[in-house]
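Protein chains: 4
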Amino acid sequence: MNPAAEEKQEKETGRTEAFSDGVFAIAITLLVLELKVPHPPDGGTVSSLSRALLSQWPSYTSFVISFFTILIMWANHHAMFNMVRRIDVPFLYANGFLLLVVTFIPFPTSVLASYLETPAAPVAGAFFAGTYVVLGLAFNLLWATARNRHLLRARVSEEKARELARRYRLGPPLYLIATAASFIHVSLAVGICAALAIFWLVSGRLD
Amino acid sequence: MNPAAEEKQEKETGRTEAFSDGVFAIAITLLVLELKVPHPPDGGTVSSLSRALLSQWPSYTSFVISFFTILIMWANHHAMFNMVRRIDVPFLYANGFLLLVVTFIPFPTSVLASYLETPAAPVAGAFFAGTYVVLGLAFNLLWATARNRHLLRARVSEEKARELARRYRLGPPLYLIATAASFIHVSLAVGICAALAIFWLVSGRLD
Amino acid sequence: MNPAAEEKQEKETGRTEAFSDGVFAIAITLLVLELKVPHPPDGGTVSSLSRALLSQWPSYTSFVISFFTILIMWANHHAMFNMVRRIDVPFLYANGFLLLVVTFIPFPTSVLASYLETPAAPVAGAFFAGTYVVLGLAFNLLWATARNRHLLRARVSEEKARELARRYRLGPPLYLIATAASFIHVSLAVGICAALAIFWLVSGRLD
Amino acid sequence: MNPAAEEKQEKETGRTEAFSDGVFAIAITLLVLELKVPHPPDGGTVSSLSRALLSQWPSYTSFVISFFTILIMWANHHAMFNMVRRIDVPFLYANGFLLLVVTFIPFPTSVLASYLETPAAPVAGAFFAGTYVVLGLAFNLLWATARNRHLLRARVSEEKARELARRYRLGPPLYLIATAASFIHVSLAVGICAALAIFWLVSGRLD
Numbered sequence: 221m222n223p224a225a226e227e228k229q230e231k232e233t234g235r236t237e238a239f240s241d242g243v244f245a246i247a248i249t250l251l252v253l254e255l256k257v258p259h260p261p262d263g264g265t266v267s268s269l270s271r272a273l274l275s276q277w278p279s280y281t282s283f284v285i286s287f288f289t290i291l292i293m294w295a296n297h298h299a300m301f302n303m304v305r306r307i308d309v310p311f312l313y314a315n316g317f318l319l320l321v322v323t324f325i326p327f328p329t330s331v332l333a334s335y336l337e338t339p340a341a342p343v344a345g346a347f348f349a350g351t352y353v354v355l356g357l358a359f360n361l362l363w364a365t366a367r368n369r370h371l372l373r374a375r376v377s378e379e380k381a382r383e384l385a386r387r388y389r390l391g392p393p394l395y396l397i398a399t400a401a402s403f404i405h406v407s408l409a410v411g412i413c414a415a416l417a418i419f420w421l422v423s424g425r426l427d
Numbered sequence: 221m222n223p224a225a226e227e228k229q230e231k232e233t234g235r236t237e238a239f240s241d242g243v244f245a246i247a248i249t250l251l252v253l254e255l256k257v258p259h260p261p262d263g264g265t266v267s268s269l270s271r272a273l274l275s276q277w278p279s280y281t282s283f284v285i286s287f288f289t290i291l292i293m294w295a296n297h298h299a300m301f302n303m304v305r306r307i308d309v310p311f312l313y314a315n316g317f318l319l320l321v322v323t324f325i326p327f328p329t330s331v332l333a334s335y336l337e338t339p340a341a342p343v344a345g346a347f348f349a350g351t352y353v354v355l356g357l358a359f360n361l362l363w364a365t366a367r368n369r370h371l372l373r374a375r376v377s378e379e380k381a382r383e384l385a386r387r388y389r390l391g392p393p394l395y396l397i398a399t400a401a402s403f404i405h406v407s408l409a410v411g412i413c414a415a416l417a418i419f420w421l422v423s424g425r426l427d
Numbered sequence: 221m222n223p224a225a226e227e228k229q230e231k232e233t234g235r236t237e238a239f240s241d242g243v244f245a246i247a248i249t250l251l252v253l254e255l256k257v258p259h260p261p262d263g264g265t266v267s268s269l270s271r272a273l274l275s276q277w278p279s280y281t282s283f284v285i286s287f288f289t290i291l292i293m294w295a296n297h298h299a300m301f302n303m304v305r306r307i308d309v310p311f312l313y314a315n316g317f318l319l320l321v322v323t324f325i326p327f328p329t330s331v332l333a334s335y336l337e338t339p340a341a342p343v344a345g346a347f348f349a350g351t352y353v354v355l356g357l358a359f360n361l362l363w364a365t366a367r368n369r370h371l372l373r374a375r376v377s378e379e380k381a382r383e384l385a386r387r388y389r390l391g392p393p394l395y396l397i398a399t400a401a402s403f404i405h406v407s408l409a410v411g412i413c414a415a416l417a418i419f420w421l422v423s424g425r426l427d
Numbered sequence: 221m222n223p224a225a226e227e228k229q230e231k232e233t234g235r236t237e238a239f240s241d242g243v244f245a246i247a248i249t250l251l252v253l254e255l256k257v258p259h260p261p262d263g264g265t266v267s268s269l270s271r272a273l274l275s276q277w278p279s280y281t282s283f284v285i286s287f288f289t290i291l292i293m294w295a296n297h298h299a300m301f302n303m304v305r306r307i308d309v310p311f312l313y314a315n316g317f318l319l320l321v322v323t324f325i326p327f328p329t330s331v332l333a334s335y336l337e338t339p340a341a342p343v344a345g346a347f348f349a350g351t352y353v354v355l356g357l358a359f360n361l362l363w364a365t366a367r368n369r370h371l372l373r374a375r376v377s378e379e380k381a382r383e384l385a386r387r388y389r390l391g392p393p394l395y396l397i398a399t400a401a402s403f404i405h406v407s408l409a410v411g412i413c414a415a416l417a418i419f420w421l422v423s424g425r426l427d
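Chains as they are written, first to last, in my numbering: chain A, 221 to 427; chain B, 221 to 427; chain C, 221 to 427; chain D, 221 to 427.
For the record, the hints were derived by calculation from the structure and aren't laboratory data. Keep in mind the model is a prediction, meaning the values are calculated, not measured. Fair warning: there could be bad hints in the mix.
Here's a subset of chain D near chain C, in silico, CB distances under 10 angstroms, partners left out [claimed, not checked]:
(1) 233
(2) 242
(3) 249
(4) 264
Virtual Cβ for every residue (Gly too), placed ideally from N, Cα, C.
Let the sequences and hints guide you as you build the complete structure.
Pasting the structure below:
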């Protein structure tokens with residue numbers, strides 16, 4: 221291929237990545253909108269507002285978990301794009317599907333925060349973890365598209381591509397376990413999701 | 221033209237595209253704000269929250285349709301900018317009009333989600349599809365501006381420009397049919413819009 | 221100055237402009253959040269939802285005016301940055317003050333939409349136009365900072381800089397007239413603001 | 221190190237900075253969503269809407285303070301990135317922690333605005349100032365990571381790095397004083413936060 225065409229492909233890939241980055245940055249910042257100013261029934265005194273702010277810990281917990289999960293997904297998405305030489309239409313829409321799930325995350329986060337201390341907690345936790353099942357599937361689909369359509373850089377060895385595919389394949393079944401575990405206790409689901417976030421952080425490197 | 225002026229034009233065009241990309245990225249991410257945490261009257265049990273989350277399928281449907289429509293519009297907008305050599309003030313404002321419609325999309329999406337299962341569904345569907353009529357007009361206006369003001373790159377043949385104009389011209393009448401069809405049944409309107417999204421996806425290529 | 225330092229200044233300026241662009245893009249897209257799904261008292265029929273959507277015309281009007289005003293401000297801000305060679309701390313904060321006003325615009329827009337058809341319309345219109353008085357002052361401050369601190373490119377003649385300063389100086393008094401006119405009739409205030417938007421569009425060129 | 225690897229590092233650093241810039245730009249723009257259209261009980265007359273808009277001064281005050289604090293944090297964050305040659309995983313997540321606190325800021329800002337004139341004001345002020353304690357800690361952590369992991373550019377002298385560390389170390393204790401002072405009077409807390417914003421502005425330079 222000639223250098224001009226190659227440069228154009230680089231630009232194309234860079235632009236899709238910049239768009240994706242924008243979506244990640246906005247989704248991560250919108251999470252704060254799920255935190256609502258509390259309105260204690262007595263109108264607010266030093267002690268009632270303190271209690272009200274502290275009693276919102278489920279919101280803070282799910283805010284922090286979703287924040288770091290999106291941040292780690294961003295870092296992994298970025299690491300994946302570093303290995304991609306060019307993009308095509310199927311890759312563009314596989315990436316679109318991934319972004320769809322990323323922009324959706326504030327919603328189950330908010331549902332979890334609203335119901336974490338209610339009898340409906342198992343459903344909220346399963347909805348939260350279930351969203352990550354779909355996110356895991358989206359990552360697998362994106363990577364499979366990159367591999368099958370020969371979009372990877374020459375420097376990415378077949379071996380490395382396969383190793384990454386193996387790692388991505390862990391996501392859906394593990395999040396499925398978290399989803400099921402929510403019906404035992406919601407904190408199991410949340411704990412597995414937090415543990416997985418740390419696992420992706422440690423196992424995903426920027427190289 | 222001298223190289224310095226040409227470089228400046230490239231930069232100018234790139235910056236307008238970056239601004240447009242930002243607007244697309246934000247509009248696509250704001251769609252999630254239309255998804256509201258349900259509040260079942262019994263305060264939430266496993267079964268009532270499950271039912272409440274499932275009963276929001278109209279919201280999810282319109283979220284997904286609007287997401288992919290904006291994503292496809294972004295890809296097409298991007299493909300169009302790839303063919304543009306420089307921009308001028310009329311093009312800037314034709315592009316601004318397109319962005320106005322793009323930022324508006326979350327609103328009819330939300331209206332559709334709210335009324336899909338009510339007697340008012342035909343109006344909501346017509347409002348939704350009607351917005352895409354205007355979006356189609358905006359695309360036609362932008363392309364006509366680029367052609368009439370000679371803003372296209374030399375490599376874009378007159379034939380190709382005409383072919384694209386023909387394709388863009390299909391949008392408004394087809395979305396108008398969807399708008400009218402909403403008064404037969406709302407799902408007809410939604411179905412035509414979804415089918416058109418797939419058509420734009422398949423017919424618009426990144427070249 | 222050596223080329224390396226010059227390049228660094230260019231980068232610095234570009235980055236502040238990119239940040240400003242982001243703020244403009246987000247502010248312009250957030251305007252849609254002021255559009256609320258109507259809830260007619262009968263739960264929504266074909267005719268009641270149609271009437272309810274049409275009766276929101278004040279919201280649509282102020283959405284469109286604010287959208288185009290922010291868009292034009294963006295184009296003018298961009299034209300100004302094209303003339304700036306380097307930035308310093310006072311310029312950075314003068315620019316910050318301008319961005320403060322830009323991010324504020326969705327609020328008076330929303331107030332105007334809520335009260336356009338009520339007895340409180342004159343106040344809402346004055347609040348709306350008054351915000352543009354402050355925006356005009358911010359543009360003047362930014363331009364004066366660029367001139368007084370010798371941040372302009374060599375190619376910007378003193379004559380041209382003075383001519384632009386004259387044009388920017390028109391903003392505050394004209395918007396002040398719009399603010400006062402709101403107490404005669406709100407549509408006078410809105411009309412002057414719309415006319416001024418067109419004036420900025422026509423008089424501000426991307427050169 | 222070879223030039224290609226160096227260039228890649230520059231790109232990597234630039235991309236993380238662009239992502240951070242996006243988060244700063246969105247967080248600063250979302251502040252406006254905390255400003256709510258007032259609804260005076262009489263439906264709105266010239267005098268009741270005027271009074272209602274004026275009585276929201278606590279919202280405007282906290283909007284302006286948070287806006288400038290985020291803007292100054294952005295400028296300081298940017299100045300810090302200018303001194304960073306490359307990033308690694310610990311730095312990426314230290315930066316992520318900083319962004320977490322930045323995206324959180326609209327929430328305590330909103331709480332402060334809601335309770336500034338109520339008996340709960342001391343708690344709201346302490347929550348507001350306390351968030352800045354954590355933000356200060358995040359800045360210290362980020363700078364310590366950059367230093368300990370040798371991520372700084374060669375041109376940044378050890379002396380300068382130490383001087384900056386000293387300055388960053390001032391943040392947490394001073395904001396802690398503001399937090400405690402809120403229990404004497406909320407305006408003390410707000411005043412110290414505003415004074416510190418001006419201090420960061422003056423002491424932080426873009427070099």
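Against the structure, the hints come out as follows:
no. : hint : in the structure
1   : 233  : violated, 13 angstroms
2   : 242  : holds, 6 angstroms
3   : 249  : holds, 4 angstroms
4   : 264  : holds, 4 angstroms
Consistency note: the structure conflicts with earlier hint 1 alone.
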